[in-house]
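Engineer: Residues per chain, in single letters:
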Amino acid sequence: MSIKARFHIDRGAFSLDVDLTIPNRGVTAIFGPSGCGKTTLLRAIAGLETNHRGYLRIGDEVWQDEHRFLAPHKRHLGYVFQEPSLFDHLSVRGNLEYGLKRRPEGAEKISLDRAVTLLGIGDLLDRRPCRLSGGEQQRVAIARALAVSPAILLLDEPLAALDMKRRQEIMPYLESLPRELDIPLLYVSHSRDEVARLADHLILLADGRVQAAGPLGDLFSRPDLDLAHGPEAETVIKTTIAAHDDEFALSLLDFPGGRFTVARHHRPVGASVRLRIKARAVSLTLERQTGTSILNIFPATVDRMRPEGETRNIVRLMIGPVPILAKITRKSAVDLEISPGKKVYAQIKSVALLS
Amino acid sequence: MIYGNQDLAALLITLKLATMTTGILLLTGTPLAWWLARSRRRFKFIAEAVVALPLVLPPTVLGFYLLIALGPHGPIGAIMTAMGGRPLAFTFSGLVIGSAIYSLPFVVQPLQDAFTAVGERPLEVAATLRASPIDRFFTVAVPLARPGFLTAAVLGFAHTLGEFGVVLMIGGNIPGSTRVISIAIYDHVESLEYGQAHALSAILLLFSFLLLMTVYGLNHRFKRVRP
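Taken in order, these protein sequences are the chains called A and B. Numbering follows numbering that gives the first Met the number 0, in which position 240 of the first sequence is assigned residue number 239; successive positions increment by one, without gaps. Numbering follows numbering that gives the first Met the number 0, in which position 71 of the second sequence is assigned residue number 70; successive positions increment by one, without gaps.
Simulated from the structure, these hints should not be mistaken for laboratory data. Virtual Cβ for every residue (Gly too), placed ideally from N, Cα, C. Don't take each hint at face value.
Stated by the list, open to error - Label pairs and their in silico Cβ distance ranges:
1) A/Asn-50 to B/Arg-85: 29 to 35 Å
2) B/Pro-142 to A/Ala-241: 20 to 26 Å
3) A/Gln-167 to B/Pro-142: 54 to 60 Å
4) A/Ala-160 to B/Ala-46: 32 to 38 Å
5) A/His-66 to B/Thr-27: 48 to 54 Å
6) B/Ser-131 to A/Asp-245: 57 to 63 Å
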């Protein structure tokens, strides 16, 4: 069962008008610039925003419709705020137990021990929140939200208030959550990097309206969206480790369009790994190159093309069912006669591995 | 013995009055302060002004209206009489009512400030952790507003200790019943008994100072514990 969310919120200068179907599994990122209504949307789902019309169904439970509005404390959810917002008058353990004591009977999907282990906060339990670093506080806040055994976990830019070092400290824990939990995560962010690392699905929000929604790989590679433009344009591909090559310290990663050869990854065979491929790291040839040092060359079909500025074109290719972005000069596009349907070879010079 | 029996009685009555007033004000002032801190109603400022009135009103004015209200012909006095009781003017109960109104802002304002300082966020967090509104109030708002409760209790208590005008108007000066320490001091001065006046004044001075010192000391400690 999916999640249906329809809200109409009018706050004078700002309004939010959305009608969404969100998958009931994996990480769905709500992505957009500051002030686009991301947080308001998340708060509406949690029931923290009132005085608006809407409809909300999580799985088979209706939380809001014309006749009812389930109070936030009756909604089966976990919420992580931008600032850790731990209760100062309670110890870390007290904070974790606050929700644990109040969770409904029978709801024991996630035990306290599990939440503590998942976030690595076993050593902090007897400390006072004010004695923790910002990163530790946020990990406790995430564990606290999990300890209520929620049916859905809402995260509102949990890394935004932290510095770079703390972000990197928490990121592995966040990346492990969807692997370890079978509940959907809604992750609000304005950081492209966080979204690329964590999200399976993406909702693009602009000025309180949904600009686009769909699987991450599709949206990142849509030339009609801003995401696919600029120096950061990239494709995220989900792969599975097929084998390791110990002789050359390489790993072979399978994806629906073929097999990547990359530098040895630390995780075992069978583990899933995300690849990030910058659009400018992809070049096109009409024939398969031989005598090249590039390891990853795939046959591909041109799907769409769009100019970017006066010099460049952004090209969306399909490697089997998987889209990938390439950035080439307009001159090359003319010389190679690139147009939709054209068969080419995509040469991928470098890939970055995530988790 | 420097303190006569009447002086000791006045001291006891004063302590009893301050304790009861503080207790009543904490019970009634807390929900009022909570409402003032949280309500977004447009006309909240009227309620705030009413609560603050005793700060600026001469105690005799307040006492005068109370005397009329509580006396046999006043609305409250008439109700009391009709119910078979007796008017509250010149009784200890009347004194408690007067003190509670007189000290109301000293209890409500620190509580309102403390609740405002707690802010919306901890309560929202508690809501997402499945705590009902009442639950959130007692397990989050009250503990976080603890310094405010201490300040409110001490200010309410200390302010009632020093009350004079209201007591004089509605309580009179009945030894063993409504004569409080401040009136006892006044009487001593009137009778040129400066020694006794000194002795009682010193008690009040010392006690008030110790009380306030405790509050400020504890509040400093609270702040250190929670940056």
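Engineer: For each hint, tell me whether it holds in the structure or not.
Structural biologist: Here is what the structure says about each hint:
Between A/Asn-50 and B/Arg-85, the C-beta spacing of about 51 Å breaks the proposed range 29 to 35 Å. Evaluation of the 20 to 26 Å hint for B/Pro-142 and A/Ala-241 yields a failure: the beta carbon distance comes to about 55 Å. Range check, A/Gln-167 to B/Pro-142: about 34 Å between beta-carbon atoms, so the 54 to 60 Å window is missed. Checking the proposed 32 to 38 Å range against A/Ala-160 and B/Ala-46 shows it holds: the Cβ atoms sit about 36 Å from each other.
A hinted range of 48 to 54 Å for the beta carbons of A/His-66 and B/Thr-27 is inconsistent with their spacing of about 37 Å. Here the CB-CB span from B/Ser-131 to A/Asp-245 is close to 59 Å, well matched to the stated 57 to 63 Å.
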